[in-house]
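Trainee: Produce the entire structure from the sequences given, and follow the hints as far as they go.
Per the working numbering, residue 752 is the first one in the sequence shown, and the count goes up by one each step.
Bear in mind the hints are in silico, worked out from the structure with no lab data behind them. Where a beta carbon is used, it is the ideal one built from N, C-alpha and C, also for glycine.
Below are the BS3-like pairs computed for lysine-lysine, each with C-alpha atoms no more than 25 Å apart in a straight line:
hint : residue 1 : residue 2
1    : Lys1195   : Lys1025
2    : Lys1117   : Lys1195
3    : Lys1025   : Lys1117
4    : Lys930    : Lys772
5    : Lys818    : Lys799
6    : Lys1025   : Lys1130
7    : Lys1088   : Lys1117
8    : Lys911    : Lys799
9    : Lys981    : Lys930
10   : Lys1005   : Lys1076
11   : Lys785    : Lys799
12   : Lys1195   : Lys1130
13   : Lys1088   : Lys1076
14   : Lys1130   : Lys1117
15   : Lys930    : Lys799
16   : Lys785    : Lys772
17   : Lys799    : Lys772
18   : Lys911    : Lys818
19   : Lys785    : Lys930
Okay, the calculated beta carbon distance ranges per label pair:
hint : residue 1 : residue 2 : range
20   : Asp1198   : Leu836    : 49 to 57 Å
21   : Asn1023   : Asp1087   : 40 to 48 Å
22   : Val1185   : Gln797    : 45 to 53 Å
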Amino acid sequence: MVLLDSESVVILRLRGPLELKCHADSTDVVLMQKAISRSFEDLRLQVKSESCVLAVCDSPVLIWPNKCVFEEITPDTPCEDVFQLIQTADQDPGGKRSTKKKNRKGLSASVINLSLMMEATKPGPLSAPVLARTIQTSHFLRATLPVDCAVRSGCSDTIKDGCGRLLEALTRQLFDMEKATLRHMRGATLLVPEPLHFLLPEPNGLVTVVFPRGVPDNELEAQRRELHGKFELPDDRPYFRRANAYHFPNEPYKDGYLRNPHVVLTHPALDNGKVFLVQGFYSYHHYMQDRVDDNGWGCAYRSLQTICSWFQQQGYVERCVPSHKEIQQALVDVGDKQTSFVGSRQWIGSIEVQAVLDHLLGVTSKILFVSQGSELASKGRELANHFLSEGTPIMIGGGVLAHTILGVAWSETTGEIRYLILDPHYTGAEDLQVITEKGWCGWKGPDFWDQTAYYNLCLPQRPRAI
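Mentor: Next up, the structure:
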């Protein structure tokens, strides 16, 4: 278990393949399981042997943890000092590495990546090979295990202590992999055990769970229920679906969308005010993405896409974020629009967003009607309760504009309110600094809304599922 509760946290992450090789003399299930267990025990002994090597990625640092041999550093080197030997893309031409931390609120850990290797040769004189021939019927099972361990280390902790905890975590993970392999065997077929990391609510922190690769989430509900009980988690929302897996801050997202740009913002200060925010992760969808020129008409589509990304990334749905045409086709399918609507550049509003969420995702929504923008200043309690109980992004449409509300800062005593707005009208690149400094994602006051226009707010409801 790794707690991410301090800006001085370093995560040591160890990855690498381990080859599981198993000879079985029979296809009898019990005998095969015993043979697999022996093979896992061999791997655990291999990890404890002197041939085990940990290599710090993008650096010359090599570590033989079981021999206490360190190249380029000493066993007493603080973990944080290892960063100075890691070559990164943000180095200047002189080779000096920037030590500025690119931490996010809630994800305040820096990551040191290590690769697991095994020495292929052993010291001493080489002996002549001996060949032996044995005639027997046997079954050979082989799988590459994708080990992936993460442990927390304070910046002042030594690299020796950190590597010791890594090997302990790796040994535990091999036991978990063995358990998952035996639990999900299908005849003589092995399902590769896959470790995944999940960031759970406090006090749990970052935990690692092993699932069988290729088994869909809907077949793992019993195992997820066991995990919810183990970590004392509520059973009305998913925490251990694959979509919930923790994304390490040093890894880019492959789809190119920004995640949670609001986390870098400073909260507004209100007298006796509290801040209520979207829960979990979402992608920022805005004009001109995906090679679609929707400038001037697609803001509600983009707000809907942001909402759909939230349900996908929280593990409630597996389908991809719908395109403009898929959204339009859904409205035709439910009888809201004519066939000619597909491929058009027509606007949609909160009611259409509600219909699409229900049809494509099976998500219900509440609609909050506001006869004029000036009334939004009095909706602090309703919005605060929504973010507390549901935690989903809200789509708001009024006039010809649509926006996404990600949170509110509200004072129950004074009624003062600020809205955290994600603006889909942005047309630029995925530049977090521009988006936040220019207010495309930022806190807005009540005067942000047209005081005389009416508004409809679509408040998606979180499904109750594990």
